[in-house]
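Q: If you want the building blocks of each chain, they are given just below.
Protein chains: 2
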Amino acid sequence: MLTPKQKEYMRLLVEVGVNIQQGQKLIISCQVENAEFARECQRIAYENGCQEVIMRWIDDPTTRMKYLHAADEVFDTCPEWLVRFMTDYSREGAATLHLVSDDPESLLGVDPSRLARWAKVSGEALKEYREMMMRNENAWSIGALSAPAWAKKVFPELPEAEAIEALWDKIFTAVRVLGDGSAVGNWQKHAAKLKERMHILNEYNFKALRYRNALGTDFTVELAENHVWEAGGDVTTKGVPFMPNMPTEEIFTAPRKTGANGVVMASMPLCLKGTIINDIRFVFENGKIIEATASSGEALLREEIALDEGASFLGEVALVPYDSPIRQAQVLFYETLYDENASCHLAFGEAYPSCIKGGTAMSKDESKAAGLNDSITHVDFMLGTEDLSIVGITQDGVEMPVFVDGLFAF
Amino acid sequence: MLTPKQKEYMRLLVEVGVNIQQGQKLIISCQVENAEFARECQRIAYENGCQEVIMRWIDDPTTRMKYLHAADEVFDTCPEWLVRFMTDYSREGAATLHLVSDDPESLLGVDPSRLARWAKVSGEALKEYREMMMRNENAWSIGALSAPAWAKKVFPELPEAEAIEALWDKIFTAVRVLGDGSAVGNWQKHAAKLKERMHILNEYNFKALRYRNALGTDFTVELAENHVWEAGGDVTTKGVPFMPNMPTEEIFTAPRKTGANGVVMASMPLCLKGTIINDIRFVFENGKIIEATASSGEALLREEIALDEGASFLGEVALVPYDSPIRQAQVLFYETLYDENASCHLAFGEAYPSCIKGGTAMSKDESKAAGLNDSITHVDFMLGTEDLSIVGITQDGVEMPVFVDGLFAF
Numbered sequence: 001m002l003t004p005k006q007k008e009y010m011r012l013l014v015e016v017g018v019n020i021q022q023g024q025k026l027i028i029s030c031q032v033e034n035a036e037f038a039r040e041c042q043r044i045a046y047e048n049g050c051q052e053v054i055m056r057w058i059d060d061p062t063t064r065m066k067y068l069h070a071a072d073e074v075f076d077t078c079p080e081w082l083v084r085f086m087t088d089y090s091r092e093g094a095a096t097l098h099l100v101s102d103d104p105e106s107l108l109g110v111d112p113s114r115l116a117r118w119a120k121v122s123g124e125a126l127k128e129y130r131e132m133m134m135r136n137e138n139a140w141s142i143g144a145l146s147a148p149a150w151a152k153k154v155f156p157e158l159p160e161a162e163a164i165e166a167l168w169d170k171i172f173t174a175v176r177v178l179g180d181g182s183a184v185g186n187w188q189k190h191a192a193k194l195k196e197r198m199h200i201l202n203e204y205n206f207k208a209l210r211y212r213n214a215l216g217t218d219f220t221v222e223l224a225e226n227h228v229w230e231a232g233g234d235v236t237t238k239g240v241p242f243m244p245n246m247p248t249e250e251i252f253t254a255p256r257k258t259g260a261n262g263v264v265m266a267s268m269p270l271c272l273k274g275t276i277i278n279d280i281r282f283v284f285e286n287g288k289i290i291e292a293t294a295s296s297g298e299a300l301l302r303e304e305i306a307l308d309e310g311a312s313f314l315g316e317v318a319l320v321p322y323d324s325p326i327r328q329a330q331v332l333f334y335e336t337l338y339d340e341n342a343s344c345h346l347a348f349g350e351a352y353p354s355c356i357k358g359g360t361a362m363s364k365d366e367s368k369a370a371g372l373n374d375s376i377t378h379v380d381f382m383l384g385t386e387d388l389s390i391v392g393i394t395q396d397g398v399e400m401p402v403f404v405d406g407l408f409a410f
Numbered sequence: 001m002l003t004p005k006q007k008e009y010m011r012l013l014v015e016v017g018v019n020i021q022q023g024q025k026l027i028i029s030c031q032v033e034n035a036e037f038a039r040e041c042q043r044i045a046y047e048n049g050c051q052e053v054i055m056r057w058i059d060d061p062t063t064r065m066k067y068l069h070a071a072d073e074v075f076d077t078c079p080e081w082l083v084r085f086m087t088d089y090s091r092e093g094a095a096t097l098h099l100v101s102d103d104p105e106s107l108l109g110v111d112p113s114r115l116a117r118w119a120k121v122s123g124e125a126l127k128e129y130r131e132m133m134m135r136n137e138n139a140w141s142i143g144a145l146s147a148p149a150w151a152k153k154v155f156p157e158l159p160e161a162e163a164i165e166a167l168w169d170k171i172f173t174a175v176r177v178l179g180d181g182s183a184v185g186n187w188q189k190h191a192a193k194l195k196e197r198m199h200i201l202n203e204y205n206f207k208a209l210r211y212r213n214a215l216g217t218d219f220t221v222e223l224a225e226n227h228v229w230e231a232g233g234d235v236t237t238k239g240v241p242f243m244p245n246m247p248t249e250e251i252f253t254a255p256r257k258t259g260a261n262g263v264v265m266a267s268m269p270l271c272l273k274g275t276i277i278n279d280i281r282f283v284f285e286n287g288k289i290i291e292a293t294a295s296s297g298e299a300l301l302r303e304e305i306a307l308d309e310g311a312s313f314l315g316e317v318a319l320v321p322y323d324s325p326i327r328q329a330q331v332l333f334y335e336t337l338y339d340e341n342a343s344c345h346l347a348f349g350e351a352y353p354s355c356i357k358g359g360t361a362m363s364k365d366e367s368k369a370a371g372l373n374d375s376i377t378h379v380d381f382m383l384g385t386e387d388l389s390i391v392g393i394t395q396d397g398v399e400m401p402v403f404v405d406g407l408f409a410f
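Protein sequence lines correspond, in order, to chains D and X. No gaps in the numbering here: position 172 of the first sequence is 172 in this note's numbering, and each next residue is one more. No gaps in the numbering here: position 391 of the second sequence is 391 in this note's numbering, and each next residue is one more.
Hints listed in this document are in silico derivations from the structure and should not be mistaken for laboratory results. Any given hint could be a false lead.
Below, computed lysine-lysine pairings styled on BS3-like, alpha-carbon distance capped at 30 Å [unchecked claim]: (1) Lys189/D / Lys7/D; (2) Lys7/X / Lys152/D; (3) Lys364/D / Lys153/D; (4) Lys66/D / Lys7/X; (5) Lys7/X / Lys153/X; (6) Lys207/D / Lys152/D; (7) Lys238/X / Lys195/X; (8) Lys66/D / Lys152/D; (9) Lys5/X / Lys66/D; (10) Lys189/X / Lys357/X; (11) Lys189/X / Lys7/X; (12) Lys66/D / Lys193/X; (13) Lys238/X / Lys7/D; (14) Lys357/X / Lys193/X; (15) Lys357/D / Lys238/D.
Here chain X is said to cover these stretches of chain D; the calculated rule only asks that three of the stretch's residues, wherever they fall, bring their Cβ under 8 Å from a Cβ of chain X [as the list claims (entries may be wrong)]: (16) 32-42; (17) 145-154.
Don't be surprised by glycine CBs; every beta carbon is placed ideally from N, CA and C.
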């Protein structure tokens, strides 16, 4: 039995996150162990006139066994059924809801080349699906569910049951669910507030941002010409508002592909493909990552930035103040959905077409010509610190503070 | 954590049931709530050199919600991804293991026409897959797992946890798992014993069987020309032995499509598509079911025998003595895998090509010309009773007893 807060949260994900429409299909991905949450989302979706809910069940131990024990050739072919599943439902306008509760270390020790080879073949095979998703042709959203392995990683000192409860508490705070039916209203207010600062940034129309902190980050990134800052939700190409990430605290845009230079020190571990990568250090030159090191998980990181040409260039620049409610939770979530909303971050890989004017109507060639990066991957990594300063450089070369000591200067 | 008996049973299913081969793929279907059993099967499959295990997760409540609340048109199209999934893996030689633990009434109250329409479109779309399965191109097997809803139906008087345990005990007895590693040997002995009677029946080469009991069954069925009785396991067209059903107590063959006449009274409820059908009565004329009634579930039954032309003709004749170990368990399992192995039964719908000489090498047209029934469905129903008599009629018209008072006469 779900609690009233859990039910209110599931409703928020279905009605605000993917904003399911009458007659629309909905794909839900969910760990098998969290089936009751998926069933509640299904119930709410059908209540809203959803045409059909299609489940995409995930099981971390199954995936781990496959990467450890399946034959090597398995990772070099993407089966046609998966291409049809992802692509056909997208063409039919299906929304997608990801309920994540992954064990942050579910794939620890797996051969990174298997992960990379699979990422490459599936990335190529699912290109059409990915492009539709990145262009916001259909609504998609990610929400998180507390679960044993994840909760114990976040709260290693607590017994399992208490850890699960503690993580639920942090989740409810982050997604503004109080259990009194106020969540939808809370989100409207929150989104409006994010959009205020978004408008200011759009008016500044900076040419570049320069990042510095004591950790060693000393880095400049040019923003894409005609870039657009986004925040507090998106709108599909069919005009349906949706909230890709819940929680979301970021204001983000697209960099100019070749415009990144300097050193970036990650300020948090990155949980990527079931492995934790610690102490990332990147050196950029003319947009490209020319050095990449980490104190753990480096092999996986190197495979990831070598997936294709665009994987070693940036695709997102996102601002999150150090007093974000998620940062204030004072825990490391080992889950990008949460950690990226506690910290200024960047992403290497694919850029969002919606982050430049007219981008969602552009062909791939047009958006590349406009300076957007193209890749089969998109990985956020965190660089925000308490002392981070970001200076905005306007189109006519004037410098002005954007972040001072980890917080917005305006 | 699985018990030693549960582990031994999973090993039996993988190593004897589907007899997984080095380099072969394995598809496992399983309710999400029984994930740990599926994971154990995966582990054993990889240990045996399985190339890749592909999970097909099932969730009864998800399926029920879909049938109750999805839009009507959903049941009139089979998505291409499902066709590719089933067909492509079969072409690649994948074995299939079904771990069943379904709630016998999971679809109670669902509109039978939705079930029938979906059966029709998926049956057509998955024709190639089905024909490969019926021809034994790849190994497949069905095993059962005790689970709450099913166990409570079998043991309504017991508290849930005890019911689950009691059902496990019945399952272990039926599948000859003692927990001492003897299961594989037990199965070899059992299969050899079934095959002894099978050989006798094959030597008799009966033209027809006549059934009679006090319940009202008075029925004659001609067997297919060149029919072959099968029992105790099968062999794929590639020569790999496998055990389609675990347990199995039946000796079965194919009827001549147009050769059934008379009245059959089912002796047990039939659990079909999440609904229990009670007190089935069929009247046959020249092979065809011309009357079909039931005290409950009649609408679903009528939809099923109207699925296509062959659905109202017989596809299987199976002999099981009334002292079968599963009958001696003295419970009604509400699961055909078990109940059909406690009772003489028939099936309407598709016949097994392996039940006539040279059948697996025949084209569909050839096997139809040889008198085998063709249909998208195959539903077993039980007619065995304590007083059942079956008389065999030889090719030259001699009558001899096959069953006397529910037991083999030889």
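Q: State for each hint whether it applies.
A: To see whether the hints hold, each was checked on the structure:
1. Lys189/D / Lys7/D: holds (21 Å)
2. Lys7/X / Lys152/D: Answer holds: Lys7/X to Lys152/D is near 28 Å, not above 30 Å.
3. Lys364/D / Lys153/D: Roughly 40 Å between the alpha carbons, so the hint for Lys364/D and Lys153/D is violated.
4. Lys66/D / Lys7/X: Roughly 20 Å between the alpha carbons, so the hint for Lys66/D and Lys7/X holds.
5. Lys7/X / Lys153/X: The hint holds at about 25 Å.
6. Lys207/D / Lys152/D: violated (43 Å)
7. Lys238/X / Lys195/X: With a Cα-Cα distance of about 21 Å, the restraint between Lys238/X and Lys195/X holds, given a limit of 30 Å.
8. Lys66/D / Lys152/D: holds (24 Å)
9. Lys5/X / Lys66/D: Roughly 25 Å separates the two Cα atoms, so the pair holds.
10. Lys189/X / Lys357/X: The hint holds at about 26 Å.
11. Lys189/X / Lys7/X: holds (21 Å)
12. Lys66/D / Lys193/X: Cα-Cα ~39 Å, so violated.
13. Lys238/X / Lys7/D: The given pair, whose Cα atoms are some 52 Å apart, is violated under the 30 Å limit.
14. Lys357/X / Lys193/X: holds (22 Å)
15. Lys357/D / Lys238/D: Status holds; Cα separation ~17 Å.
16. 32-42: The restraint on the stretch 32-42 of chain D holds, since 6 of its residues have a Cβ under 8 Å from chain X and three suffice.
17. 145-154: violated (count 0)
Hints 3, 6, 12, 13 and 17 from the list above are not met by this structure, while the remaining hints are.
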